[in-house]
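Could you slot chains B and C onto chain A? The hints should help.
Protein chains in written order, with our numbering: chain A, 1 to 424; chain B, 1 to 321; chain C, 1 to 364.
You may find that some hints are simply not true.
Here are the in silico distance ranges between beta carbons for each label pair [what the hints assert, rightly or not]:
#1 C:Pro139 - B:Arg12: 49 to 55 Å
#2 C:Arg135 - B:Phe25: 23 to 29 Å
#3 A:Glu71 - B:Phe222: 19 to 25 Å
#4 C:Asp261 - B:Gly173: 56 to 62 Å
With a straight-line Cα cutoff of 25 Å, these simulated SDA-like cross-link-like pairs (lysine to any residue) come out [to be verified]:
#5 B:Lys205 - A:Val261
#6 B:Lys205 - A:Gln264
#7 B:Lys211 - A:Leu272
#8 A:Lys199 - B:Ile22
#9 A:Lys398 - A:Glu310
#10 A:Lys22 - C:Thr4
#11 B:Lys205 - A:Ile164
#12 C:Lys274 - C:Ile130
#13 C:Lys56 - C:Arg96
#14 B:Lys132 - A:Ile133
#15 A:Lys135 - A:Gly114
#16 A:Lys135 - A:Leu243
These aren't lab readings, by the way, just hints derived from the structure by calculation.
A quick note: this is a predicted structure, and the numbers were derived from the prediction, not measured.
No residue lacks a Cβ here, since even glycine has one placed at the ideal position from N, Cα and C.
Residue-level listing of the chains:
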Amino acid sequence: MTINKGHLYMDVRHLKQHFPIKAGVMSRSIGYVHAVDDLSFQIYEGETVGLVGESGCGKTTTGRTILRLLEPTAGQAFVNAPEDVSREIDALYRSLEEEGTDPKRSEEIIRKIGDISVKYSIFKARGRHLREIRKTMQIVFQDPFASLDPRMLVKEILAEPLHIYSRGTKREKKANAPSGASSGADHVRAERREGSMTKSEINERVLSLIKDVGLNEEHLYRFPHEFSGGQRQRICVARALALNPKFIVLDEPTSALDVSVQAQILNLLRNLQTKNGVSYLFISHHLSVIRAMCNRVLVMYLGKIVEVSETEELFVHPLHPYTQALISAIPIPDPLLRRERIILSGDVPSAASPPSGCRFRTRCPYAEQICKEEEPRLRDWNNTGHQVACHLIHKMDKRIIDAAEKASVIAGEHFDESVLTKER
Amino acid sequence: MTGATLMKKSQRSALRSILPRIAQFRRQFYYFKQSPLALAGLFITSFFVFLAIFSPWMTTGNPYELHSIRRLLNSFIPWFQTWKYPLGTTYFGIDLLPAIIKAARIDLAISLAVVGAGATIGILLGAFAGYKGGIVDDILMRVTDIFFSIPFIVLAIAMIVVFRQDFAHVAGGVMTLLVMSLVIIWWPTYARLVRGQVLSVRELKYVEAAKASGARTLRIIFRHIIPNSIYPVFVQMSLDVGSVVLLLAALDYINIGINFIYLPEWGNLATYFQYTGVGITGALQEPWTFVVPGLAILMYSLGLNLLGDGLRDILDPRMRR
Amino acid sequence: MKMTTYIIRRLLLLIPVVLGVTAFTFALTRANIAVWIRSMVPGHTSSSQLLKQEQKIIAIYHLHSPVYIQYFYYMKGLLLGDWGTTTSTDFLVANRPVFQVMQERLPNTIELAIASIILVVIMSIPLGVISAVRRDKLPDHASRLWAMISYSTPTFWLGLLVLFFVTPIVPITSITGSIGLQYYFTANGSFEPWVVHQGTTILSTRPTGFLLLDTLIYGDMPAFINGLEHIALPALTVALTSMGAIVRFLRSSMLDAMGQDYVRTARAKGLPQKRVINRHVKRNAYSATVTILGLLLASLMGGVVITEAIFFWPGIGYWLAEAAIVNDFASIMASVFVFAIIIVTANLIVDIVYAYLDPRVRLG
Chain A
1 MTINKGHLYM DVRHLKQHFP IKAGVMSRSI GYVHAVDDLS FQIYEGETVG LVGESGCGKT
61 TTGRTILRLL EPTAGQAFVN APEDVSREID ALYRSLEEEG TDPKRSEEII RKIGDISVKY
121 SIFKARGRHL REIRKTMQIV FQDPFASLDP RMLVKEILAE PLHIYSRGTK REKKANAPSG
181 ASSGADHVRA ERREGSMTKS EINERVLSLI KDVGLNEEHL YRFPHEFSGG QRQRICVARA
241 LALNPKFIVL DEPTSALDVS VQAQILNLLR NLQTKNGVSY LFISHHLSVI RAMCNRVLVM
301 YLGKIVEVSE TEELFVHPLH PYTQALISAI PIPDPLLRRE RIILSGDVPS AASPPSGCRF
361 RTRCPYAEQI CKEEEPRLRD WNNTGHQVAC HLIHKMDKRI IDAAEKASVI AGEHFDESVL
421 TKER
Chain B
1 MTGATLMKKS QRSALRSILP RIAQFRRQFY YFKQSPLALA GLFITSFFVF LAIFSPWMTT
61 GNPYELHSIR RLLNSFIPWF QTWKYPLGTT YFGIDLLPAI IKAARIDLAI SLAVVGAGAT
121 IGILLGAFAG YKGGIVDDIL MRVTDIFFSI PFIVLAIAMI VVFRQDFAHV AGGVMTLLVM
181 SLVIIWWPTY ARLVRGQVLS VRELKYVEAA KASGARTLRI IFRHIIPNSI YPVFVQMSLD
241 VGSVVLLLAA LDYINIGINF IYLPEWGNLA TYFQYTGVGI TGALQEPWTF VVPGLAILMY
301 SLGLNLLGDG LRDILDPRMR R
Chain C
1 MKMTTYIIRR LLLLIPVVLG VTAFTFALTR ANIAVWIRSM VPGHTSSSQL LKQEQKIIAI
61 YHLHSPVYIQ YFYYMKGLLL GDWGTTTSTD FLVANRPVFQ VMQERLPNTI ELAIASIILV
121 VIMSIPLGVI SAVRRDKLPD HASRLWAMIS YSTPTFWLGL LVLFFVTPIV PITSITGSIG
181 LQYYFTANGS FEPWVVHQGT TILSTRPTGF LLLDTLIYGD MPAFINGLEH IALPALTVAL
241 TSMGAIVRFL RSSMLDAMGQ DYVRTARAKG LPQKRVINRH VKRNAYSATV TILGLLLASL
301 MGGVVITEAI FFWPGIGYWL AEAAIVNDFA SIMASVFVFA IIIVTANLIV DIVYAYLDPR
361 VRLG
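Same shape as in the complex, but just chain A (with noise of 0.2 Å):
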């Protein structure tokens, strides 16, 4: 599966999210927990970009934060931008990394990427500029039981969004109304307000995104405790296309459906991005389902990102020591089989005292003195595309790369291709 790197259509860079710690008489913020640390990665238009790890680690708040549905502490989010736009973002967070040593050059370049987020970043923007933008982007969440207003007909859910955008608008459709199209101002108008919509097209658009998800008009007429959760989960889908997004997240869509329906809802997630070109960041700990579903994955380990490759490469050759325990627990229906397992001693360290340097070295197998004293950085892993946060797998560390050609080999001969068997 190569990706053709096509427009850049979300660029992430240094997002960190921390919630503050009560406690006390005063209830005083006594320390964070560094939910989501200092986080950057891109997302491609029409791809589908994975986001692992266990829970707790982050990944669930990194979905919210970049729609904005929770503030973020510091980082950028440039949504949409054009190309030249993002170069020149790119050239400017590069140089600020090489030199941040010389503190007025950094100052200009911070002030300049200011200017730049004010109009693109989704964490600027306000009013009605986030409306426009939050328009292109929407959410899918792991709970369908929770997801939909229990008061409200299936129909008025759908139609919720379509109602938002095209609020303020109807005194200009009653005026075209006599008309017709026929004056070139009103056309006008009516071209600039992109998506305000009449009642019945409103009705034929709902009709048309519950068909969409394989549902029909009966459906519409129904409250959502009288479906099932995979049905749910569909309407849910539904809301989520209705303004035709460029962008969804998909927060553990399938986790809290049982296996067949997760089939269907991945299946139909599938189509629905053939079909539309949506991009989709997948957030899920079942690494079978990321591999059936992403272009990209991203491993997230305690609020960082420690591995980022295309999706069979990094089950192919896991390089971060993390990653690979991660492979290595995925199960293989293969009762000949025998394996090695990694298995990590110790629990996930707090996130409101995350350990020193690497934040995996208290449960890495091969830690060594480095791991402890320096923060290991992203970087690109022997000049291919495949990025790793780990000293030893650029030092070349023998037991590492072994341990990846081990994985290699199993991942190669298995690929659990049953989530996505179930239905055609």
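Chains B and C in isolation, oriented as in the chain A frame:
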């Protein structure tokens, strides 16, 4: 597509949107019907509402023509004197039955006004504070704490005493003062209730989904938060419509509520003995004068409480075990 | 969170509430200054005297100063026990310092409230338990109906009804007030319920101010029994009108406990129903009920005010009811403040006790 079919289609879709709601209401009403107490409450409440609506046509003549002859006619069954005054007459010769029927309208009006205004203020403040959180929420909670730390009747006494001179010479001033004081007393109940609800609803994913769909704060509050946290408010409202009359009667008893002979109000009727100088010992000699209007208050409040309890059972499925 | 932290935090949360209450009473007096000043001037003064009196009052209360300075003096007076003078005409309180009257009256009100709470608990526990155990059966409907009736009864009406049924048997004077007249003694021109021990010994000081407690401390059994006789009916009146909430809460927390897994486990291992209820359900339901005793007190205090007025119980409520008629601002504001303090303190105690019983609360 012609205009006629379009019309028909939109009508049909409107109808189809209403039908599921009716079906849901009928399902909930089924549970309501299971409880004899709730049905009794519905019956009693409808009875009083009926009285309130039709009272002008149900009473003939003026119960407030003061007759010294018919003063204090007994309604105790063993010594029953005349069918002309089925519930007896009270001080100043006021006929109790028509007076009580007339009073239904005033009591219902006062309690609906108080609860309606109090709930509106409380819902708005509670929903905003709960959704916004932070300092607004803190201030609102401290203010409600203050109101909750003073018994309602003490609060009412203090406010009425301070402001009654200002309202004394205005037409309907006493009523205005009473309603306003009671609203000031009652809104914190709703603000608290709604805020608590909002805090739990706010965290639900569908609110976040609406936010992701671009909904503004106002839309989220009015379309998602309030509809999903309103049902306990309905229950509380139905309970309070009864409680307002109770508090009003208590104020009447200590002579700072409605103390105007010509205004038929149950609490006022029950405490007429205070205008006569006979005092409690005197009233105990003519017990029907307070027992009968008091029973009206009791039944009214009981009906609304039973209704509210029944509503709680159908609206909050967790309580239905 | 540690217990001490919890208590300190809880105490700090009280400060804004208490300050808020004082600001409220302050604002109420200043909201209608003319009425307030007029209420402090005796009715029969001539207009020149009136002007003089007004000037004096304006000077005393610093009414020419900015509001915050007035509030400062108000708080100072409040803290130093200078609460003004009553203007009521009742000879028990007339023209006495409000603070002094309050010291007399407060213990009586608390005594009545405690007696009522005890009665509420005694009466509502069996009803709540039966209601939950025999759910949706006749006893349940009956006890729920009883709870509803209790909610819906006007307190003054019930009080009068109680008096109506009792007065044919005993004279009204022997059940109203806080103790029989034979135990009263007039001292210092005021009418105070000094306890006379066996008709001869005069107690020069009241050790606690609580009548029943004082009579017990001095071992005066006739006076104690007389006191009990006097408190019984008002306490019963208050209890009957405020037990509904407890019955209902107890029922729902019993049902809650009965639905828990540990109760199912207890049943599964073969414990008889009675033992399950007694050992596993009741204990948890009761400790949950502790939490609403504070709320109960707040709602019960409303009943106490009216009941005191009916039974001439010499507490704050009776005083307040009389003060309301004659515009006695000082007394009314003092009672608002004291009622708030009573309720806030009761809630504090309940919270601390509950936090002590249930460590989960402290974490919140």
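Hints, verified against the model:
1. C:Pro139 - B:Arg12: 49 to 55 Å: Given a distance of about 51 Å, which is inside 49 to 55 Å, the answer is holds.
2. C:Arg135 - B:Phe25: 23 to 29 Å: The hinted range 23 to 29 Å holds for Arg135 (chain C) and Phe25 (chain B), with Cβ atoms some 26 Å apart.
3. A:Glu71 - B:Phe222: 19 to 25 Å: Given a distance of about 23 Å, which is inside 19 to 25 Å, the answer is holds.
4. C:Asp261 - B:Gly173: 56 to 62 Å: holds, 60 Å
5. B:Lys205 - A:Val261: Given pair Lys205 (chain B), Val261 (chain A) holds - Cα atoms ~21 Å apart, limit 25 Å.
6. B:Lys205 - A:Gln264: Given pair Lys205 (chain B), Gln264 (chain A) holds - Cα atoms ~23 Å apart, limit 25 Å.
7. B:Lys211 - A:Leu272: Roughly 23 Å separates the two Cα atoms, so the pair holds.
8. A:Lys199 - B:Ile22: With a Cα-Cα distance of about 23 Å, the restraint between Lys199 (chain A) and Ile22 (chain B) holds, given a limit of 25 Å.
9. A:Lys398 - A:Glu310: holds, 23 Å
10. A:Lys22 - C:Thr4: At roughly 17 Å apart (the allowed maximum being 25 Å), Thr4 (chain C) and Lys22 (chain A) satisfy the hint.
11. B:Lys205 - A:Ile164: holds, 18 Å
12. C:Lys274 - C:Ile130: holds, 12 Å
13. C:Lys56 - C:Arg96: holds, 19 Å
14. B:Lys132 - A:Ile133: Holds, because 23 Å separates the two Cα atoms, which is no more than 25 Å.
15. A:Lys135 - A:Gly114: holds, 23 Å
16. A:Lys135 - A:Leu243: Holds - the C-alpha atoms of Leu243 (chain A) and Lys135 (chain A) are around 6 Å apart, at most 25 Å.
In this structure, none of the earlier numbered hints is contradicted; all agree with it.
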